[in-house]
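Asker: Kindly produce the complete structure, drawing on both the sequences and the hints.
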Amino acid sequence: MRRINGTALIIAALVATVGALAFPVWSYADRSGTGEANLNASTVATQWGPLSATDRDFLVKVRLAGLWELPAGQQAIERAPSQAIRDAGDHLVVGHTDLDQRARDVAAKLGVELPNQPTEQQQGWLRELSAASGEEYDRKFANLLRNAHGKVFALVAQVRHTTRNTLIRQLATDANQTVLDHITMLEATGMVDFDAIANEAAGRATASPSGPPPPNGNLPPAPTPAVPTGSDQSFTSLPSTQPGPPTAINTTRP
1 MRRINGTALI IAALVATVGA LAFPVWSYAD RSGTGEANLN ASTVATQWGP
51 LSATDRDFLV KVRLAGLWEL PAGQQAIERA PSQAIRDAGD HLVVGHTDLD
101 QRARDVAAKL GVELPNQPTE QQQGWLRELS AASGEEYDRK FANLLRNAHG
151 KVFALVAQVR HTTRNTLIRQ LATDANQTVL DHITMLEATG MVDFDAIANE
201 AAGRATASPS GPPPPNGNLP PAPTPAVPTG SDQSFTSLPS TQPGPPTAIN
251 TTRP
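Numbering of the sequence shown is given in UniProt numbering, commencing with residue 1 and proceeding in unit increments.
Think of the hints as simulated: they come from the structure by calculation, not from any bench. C-beta atoms are modelled at their ideal positions from N, C-alpha and C, and glycine is treated no differently. Mixed in with the good hints, there may be bad ones.
Claimed, not checked - Okay, the calculated beta carbon distance ranges per label pair:
(1) 83 / 37: 50 to 60 Å
(2) 83 / 166: 33 to 43 Å
(3) 120 / 153: 23 to 33 Å
(4) 215 / 74: 41 to 51 Å
(5) 119 / 90: 17 to 27 Å
(6) 108 / 74: 24 to 34 Å
(7) 77 / 39: 40 to 50 Å
(8) 161 / 198: 40 to 50 Å
(9) 50 / 108: 26 to 36 Å
(10) 204 / 49: 43 to 53 Å
(11) 195 / 50: 35 to 45 Å
(12) 39 / 78: 40 to 50 Å
Answerer: Written as structure tokens, this is what we have:
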């Protein structure tokens, strides 16, 4: 009897071991809650290809961007003291007028409902710009809008890379060109605080970047910029704790 019980225990142990080894081989592709299952569950079929939840979110954010950045650009044209900011505002107006129309056309074809007013947060950014004046207005405009366009690059790239819908892919292509145009114009003002942008991005990072090690210290020292006598070298940037706009997407200037 002891021998039989011992044999049974050995067999049971072997079965458990085989089961444990086989478990990781089980395909997770069809399990509820996995990325692929969630993608399939949230995707609807259209004549232009599958339309995912990310695609629909992209359409909504293109619309929201136009709802607050177009009036921001118009305001800059009317109020900004510097010509560079007025030029950037002109690009925003031209770009958003075109891209917003494209987004609404695509949404109508795909049956996606779009918002008709900016979010509370976006309205707050517009109020912040309205309350500023002079050089403060110029710097707030340049940094707020540059931060917004930098962040949207990730969303545009993700949609352009992963979408299976031809209408969304074309809209993402147009948006990418527009974002780059507006970033170029905003940086040309010379008022963008790149340190603040980098520090904010570093605060959101969850992993250490990979890449080559830093230089060995034998590089020549950076030259000290000359400060003209009597010039105002003050720099008033947006606080690094101020949240940047979630998604600002524009169109190219003709």
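Asker: Each hint: holds or not?
Answerer: Comparing the hints with the structure gives:
no., hint, result
1, 83 / 37: 50 to 60 Å, "holds, 54 Å"
2, 83 / 166: 33 to 43 Å, "holds, 40 Å"
3, 120 / 153: 23 to 33 Å, "holds, 24 Å"
4, 215 / 74: 41 to 51 Å, "holds, 46 Å"
5, 119 / 90: 17 to 27 Å, "holds, 25 Å"
6, 108 / 74: 24 to 34 Å, "holds, 25 Å"
7, 77 / 39: 40 to 50 Å, "holds, 42 Å"
8, 161 / 198: 40 to 50 Å, "violated, 24 Å"
9, 50 / 108: 26 to 36 Å, "violated, 18 Å"
10, 204 / 49: 43 to 53 Å, "violated, 32 Å"
11, 195 / 50: 35 to 45 Å, "holds, 42 Å"
12, 39 / 78: 40 to 50 Å, "holds, 45 Å"
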